[in-house]
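Turn these sequences into a full structure, and let the hints steer you where they fit.
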Amino acid sequence: MKIKFIINSGISEDAKNQVIHAVNDNFIEHDYSIEFTGYHRHAEVIAKSSAMQFYDVVVAVGGDGTVNEIINGIAGTESALAVLPVGTANDFAEFYSLPHNIHEACRVIKDGKVHCPDLISVNGKFYATAGGIGFPSKVVRFANKLKSSGAVGQFIRELFGSRLYTVSVLFSLMEKNAFSNSINLIKNGLPLRISAFSLIIDNQPFLGGNLLMSPGAVNDDGTFNICLIDEMNSRTEVIRLLLKIIKGQHVALSNVMTWSANELEVESDNEQDFFGDGDLLCHSKKFRMKVVQRALKVMVPNNYHNRNIYDVSS
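Under our numbering, think of the first position of the sequence shown as 1, with each following residue one higher.
Simulated from the structure, these hints should not be mistaken for lab results.
Please read these numbers as outputs of a predicted model, since none were measured by experiment.
Certain hints may be false.
[Said to hold, decoys possible] Keeping only pairs whose Cα atoms sit at most 30 Å apart, straight-line, the calculated DSSO-like set for lysine-lysine is:
hint, residue 1, residue 2
1, K290, K125
2, K147, K113
3, K16, K125
4, K2, K16
5, K244, K110
6, K125, K48
7, K187, K113
8, K147, K125
9, K187, K125
10, K48, K187
11, K48, K16
12, K286, K145
13, K16, K113
14, K290, K187
15, K145, K285
16, K113, K2
17, K286, K113
18, K145, K2
19, K147, K286
Structural data, given as structure tokens:
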């Protein structure tokens, strides 16, 4: 088996050392190589080159952002994605119940099975977990700004870990015009114009680790799930909403619409950031999303099954 490990240079030195030792211990009998990223989206470049060199597996050593870059490099190829989840956000890895223990995660690469999920395409970029516009994009933008602040960013990542996004939510609540975005879209064949707090298009239940945004979502049924939330009027209202989302109970609220589709077009009055897999993928007034079925190969544990059911009644 020919394996490429792509390590996000932003992870801690301790994590880098653990990964390198684990890789050397577990893959001594395999043809493998290790590369570190040098700039934003560099993992995508390395992954694309690896697919062209017929690597069997390309391993994302990092979080959802690193996963997204590699997905955009290998989607539609014969190279499979594997993940050593050592990043700030690891929603993709959590969905597949990938071990956080690096040696156990290495065993999934060697002994696991292949799952072929759908991907979501937005303006030509792929993502696998959740994406959208509105307030969550502001949170992602703020979190990425913190992470990219050199030595300070490294300290912040190590201090807060996955809680970095919770901190970013609190700061984003202070922004002006954070709670309303005028958008146009087509729902069930009818045009809809709404001032929205957020529009989320996802392919798995959880967003940001603990937000149960789409309780029934699966990533291999040929559709994505859509959650459209009407504008919010106050920070208190936003916090109440977030507490509902943690339990998946927001889907019953009158100002929340949910449905599924295999494509969607959205237009905004102003240019907006579209986030996907914890990164900002594009900036535009118009976004076209569509499902690309079975576009990726993923190494998953042998006991993985893609039909999780979440009780949102209590």
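Now for the hints, and whether the structure bears them out:
no.: 1; hint: K290 <-> K125; verdict: holds (10 Å)
no.: 2; hint: K147 <-> K113; verdict: violated (33 Å)
no.: 3; hint: K16 <-> K125; verdict: holds (28 Å)
no.: 4; hint: K2 <-> K16; verdict: holds (21 Å)
no.: 5; hint: K244 <-> K110; verdict: violated (40 Å)
no.: 6; hint: K125 <-> K48; verdict: holds (14 Å)
no.: 7; hint: K187 <-> K113; verdict: violated (37 Å)
no.: 8; hint: K147 <-> K125; verdict: holds (22 Å)
no.: 9; hint: K187 <-> K125; verdict: holds (23 Å)
no.: 10; hint: K48 <-> K187; verdict: violated (36 Å)
no.: 11; hint: K48 <-> K16; verdict: holds (23 Å)
no.: 12; hint: K286 <-> K145; verdict: holds (24 Å)
no.: 13; hint: K16 <-> K113; verdict: holds (26 Å)
no.: 14; hint: K290 <-> K187; verdict: holds (14 Å)
no.: 15; hint: K145 <-> K285; verdict: holds (22 Å)
no.: 16; hint: K113 <-> K2; verdict: holds (16 Å)
no.: 17; hint: K286 <-> K113; verdict: violated (38 Å)
no.: 18; hint: K145 <-> K2; verdict: violated (35 Å)
no.: 19; hint: K147 <-> K286; verdict: holds (28 Å)
Hints 2, 5, 7, 10, 17, 18 from the earlier list are contradicted by this structure; the remaining hints agree with it.
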